[in-house]
Amino acid sequence: MEQREMSYGRYQKNRPMLYHTRYPILWWVKKWAYVRFILRELTSVAVAFYVVVLLFYVNSVSQGPDSFAAFNEWLRSPLSVGLHGIAIVAVLYHSITWFNLAPKALVIRVGKKSIPGRVILITHYAMWAIVSTGLYWLITTT
Amino acid sequence: MSNQNTTATIDLEVYRYRPEIESEPTYDTFTVPLRSDWVILDALNYIKDELDGSLSYRWSCQMGVCGSCGMMANGEPTLTCASFLKDFAPGPIRVEPLANFPVARDLIISMDDFMEKLNRVHPWLVTDEEKPLEEGEYLQTPEQVDDYKQYSMCINCLLCYSACPIYGLEPSFIGPAVIALAQRYNLDSRDEGSQERMDILSTDDGLWQCTFVGECSEVCPKNVDPAGAIQRYKVASTKDWWKSKLMPWSNGK
Amino acid sequence: MQQQSSKHIGKRSNEPFWWALFGAGGMIAALCIPVLLFMTGLAIPLGWIDAPRYESMFTLLNNPLSRLAILAIVSLSAFHWAHRFRFTLYDGLHLKHLNAPVAFFCYGCAILFSAYAAFSLYSF
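Residue numbers (the numbering used here), protein chains in the order written: chain A, 1 to 142; chain B, 1 to 253; chain C, 1 to 124.
Check each hint, because a few of them may be wrong.
[To be verified] Facing chain C, from chain B, some residues (calculated, C-beta under 8 Å): (1) PRO165; (2) SER202; (3) THR203; (4) ASP204.
Worth flagging that the hints you see were computed from the coordinates, not collected in a lab. The structure displayed is predicted, hence computed values, not measured ones. Heads up, the beta-carbon is just placed ideally off N, CA and C, and yes, glycines get one too.
Hey, can you work out the whole structure from these sequences and the hints?
Spelled out as C-alpha cells, the structure:
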C-alpha cells in the first residue's frame, strides 16, 4: 500500500479518534426481527381502538334501544368491519406474542425447582381458551 | 494439503477506518480462498498475512470463549471465530465493526462505555462480612449453582449490545450483558449485594429502558438469555418498588 | 472488609408503577379482547351469530359485576396502550428527548379515558 499524505490535520498520533456512526432513523426496517418487534408494539393501538369501541357499545346500551340499534348499524358499516378486520389480526398477534413471552418473565419456584416454561405457556393458553369460551357463552346465551 | 478445492474464492468487503489518513470510513474488498474449514477470522488472518498487513482487529482464543472477535457479518453481530465462510458462499461478506460502539480503527471498537457500566453493578460477590478462613469454604448445592449458572456463561463479547436497538438509540441504557451479569451475582447464594444492585439498576437509565425486543438473546453465542434475565429483573424490581411504597419502614439495607 | 459504597446510586425510577399497569393491561387484553372484538365487531355485524336482543344485553350489562369487569378491561387496556405507545414513540420516532410531553400525553389520555369509563359505567 502506498503511503498517503495526511489529508487533514486533526488526528494526533497515539490519541484514538473515535468514529461515531449515527443510528439510522428507520433502524427497524433493517432486520425482519425489528419489523416484527414494531408490529408487536403497534398492536397496542388496536387494543386501544377496541376498548374505545367497547365503551361506546356499552354506553349505547345504557342510552336506550334506539341508540343501541344505531350503534349496531355503524358496526355493520364497511368502515367498521374493515377496521375490526385489521384489529382482530393485531389483537391476536398481541395475545400470541404476549403468552409466548410470559415464561421468560414468570419464574415461579416450587420447592427447589422452578416451574418449566412449557407449563406456564400451556397454562396461559388454557386460561385464554377458558376466558374466551366463557365470554362467548355469556354473550350468546343471555 | 488434503483434497481441498483451492481455486474457490470468496470476497470480503471489509470496513476500514484509518483516522490518520481519512476522516470517514471506507470499504476495501479482498478475495480470500474459500476453504471449507475456514471461519471469517481465518479469512481476516489471511488478509493480514498475505494481502494487507495494516488491517486491525481483535481476536484471541479462536474457539468462542474469550469474546474478543465479535464483529458484524452482513449486518448480523457474530463471533468471527464461529462463522464459517462456506455459510456465506458465494458472498461477498460485509465485515464491519460491532454496531452501536464508536470505532477506534478498522474493526476495533471502543469498549469503555461497557466497562464503566459493568463496574457500576459491582460484578463480584458482595458480603456484609468476610467469612474467616477457619470457617471453611462457602458450600453450594447443585441446585444453587443452577440458579445462576446460565448467566455466568457471559463472555462479554458485546454481541447483545450490537443487536439491541435501544442501546443504539439511547447510549445511556445500561444494556443486556450488564443486567445479566448483575443477575448472576444476585442469584448466587453466596452473595448479599442484591439490594445495592437493585438501587443501581432501577434507575431510569438502568433496566427500565428495555422494551423486550429480545434480539440480545437471539445473538448471544453462549445462550445466556439476557432478555429473560431482564424481564425477571423487571418483576423483582417492581415488587421491590411496591414494597417500598406500601411498607416504607422495611427499607433496610 | 467493609462493603464498598456505590457511587452511582441515581434516583429510583417510578417506571415500575406504569409497568405494572402495562403488564396487568396486557394480560387482561390478551385474554379478553380477541373474543369480544370478534363477536361485537365481526361475527354479529356480519350475521355469523344472531344479534343479541336489546333486553338481554341490558340485563347482562346492568349487573354491577359486569360493569366492574368492563371497567377493568377498558381501563387496564388503556394503560397498556399508553405505556407501550409511549415507548414506541421514543424508539420508532426517536422522540426520547420529548420524554415528559410524550409520557404526559399517553398516560393523560389513559387517565382521562378511565375516568370517563368509570363515570359512564357507574351511571349506567
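Open item on the list: For each hint given before, does the structure comply? Return the numbers of the non-compliant ones in rising order.
Closed with: none
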